[in-house]
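K.L.:
Mapping to the numbering used here: the sequence shown position 179 is 185, numbers consecutive.
No lab work stands behind these hints: they were computed from the structure. Cβ atoms here follow ideal geometry from the backbone N, Cα and C, with glycine treated the same way. All clues stand as given, with none of them false.
Derived DSS-like pairs (lysine-lysine); straight-line CA-CA distance at most 25 Å:
no. : residue 1 : residue 2
1   : Lys-148   : Lys-9
2   : Lys-163   : Lys-54
3   : Lys-9     : Lys-172
4   : Lys-216   : Lys-120
5   : Lys-9     : Lys-180
6   : Lys-27    : Lys-91
Distance ranges between label pairs, derived from CB positions:
no. : residue 1 : residue 2 : range
7   : Arg-63    : Cys-176   : 21 to 27 Å
8   : Gly-157   : Lys-44    : 34 to 40 Å
9   : Arg-210   : Lys-59    : 24 to 30 Å
10  : Lys-27    : Gln-208   : 18 to 24 Å
11  : Thr-65    : Glu-115   : 34 to 40 Å
12  : Arg-63    : Arg-210   : 24 to 30 Å
13  : Lys-209   : Glu-139   : 34 to 40 Å
14  : Gly-149   : Gly-86    : 36 to 42 Å
15  : Thr-223   : Gly-86    : 44 to 50 Å
16  : Arg-62    : Glu-171   : 20 to 26 Å
17  : Ser-118   : Met-36    : 37 to 43 Å
18  : Arg-63    : Gly-149   : 22 to 28 Å
19  : Gln-64    : Glu-171   : 22 to 28 Å
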Amino acid sequence: MYKYLLFDADNTLLDFDAAEKSALADTLKMFPVGFSEKTHKRYHEINKEEWEKLERRQTDFDRLRVNRFVRLMREFGCPGEDGKKAAEIYEGRLGEYAPLMPDAETVLERLSRKYDIYIITNGISAIQRSRLEKTDFDLWIKGCFISQEMGVSKPDKRFFDTVTEKIGDCDLSKYLVIGDSLTSDISGAYNYGIDSVWYTSQKRTDSRPKYTVSSLTELFEFL
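Please model the complete structure; the sequences and the hints are all you need to start from.
P.N.:
Put into structure tokens, the structure is as follows:
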């Protein structure tokens with residue numbers, strides 16, 4: 007039924023939460039704000055808000071990269087200038103961490119025997135490239151689409167336009183998106199007319215994904 011599998015990267019193939027926490031700890035320990043569960047939680051909230059702004063085209067990558075740290079520093083009584091420095095340090099540290107989601111390599115290796123696999127990810131190019139280079143994913147994937155390089159992010163239809171044009175096949179029935187984000191992955195695929203798999207630990211159901219899995223190995227049940 008499908009020919010092309012489009013995998014999200016963060017929290018689908020790569021354990022972004024673990025990488026983020028390690029990189030954030032490395033960074034904030036260098037500033038008076040320090041690293042704690044409180045600063046970690048607040049950064050996560052601010053970062054989510056900034057990425058949602060990007061998805062709505064209310065900001066751009068350069069502002070997102072810095073503003074999330076400027077906001078954090080100011081909320082904890084530190085100067086905004088510390089935020090600019092922290093943003094640079096954090097990006098360097100994040101690029102060093104590439105922990106995998108459970109069974110990611112096993113699933114890619116097996117599915118690559120039957121399907122053409124691509125990665126589609128919203129992210130900063132230098133960070134994503136650095137992290138992906140630390141994996142063996144290139145053994146099984148045909149290519150990688152990173153939003154910053156494309157100038158547009160998921161769930162924008164133009165992102166998927168570029169993906170299908172570059173792959174060279176506009177038959178949307180051949181594509182399947184696998185991702186953890188309802189807003190960028192699942193809604194993006196649904197609005198574009200592509201089937202999707204929602205990778206989630208949540209118990210609730212949603213009508214937009216065709217399939218829902220709680221582990222990557224569950225993909226073998228229908229692929």
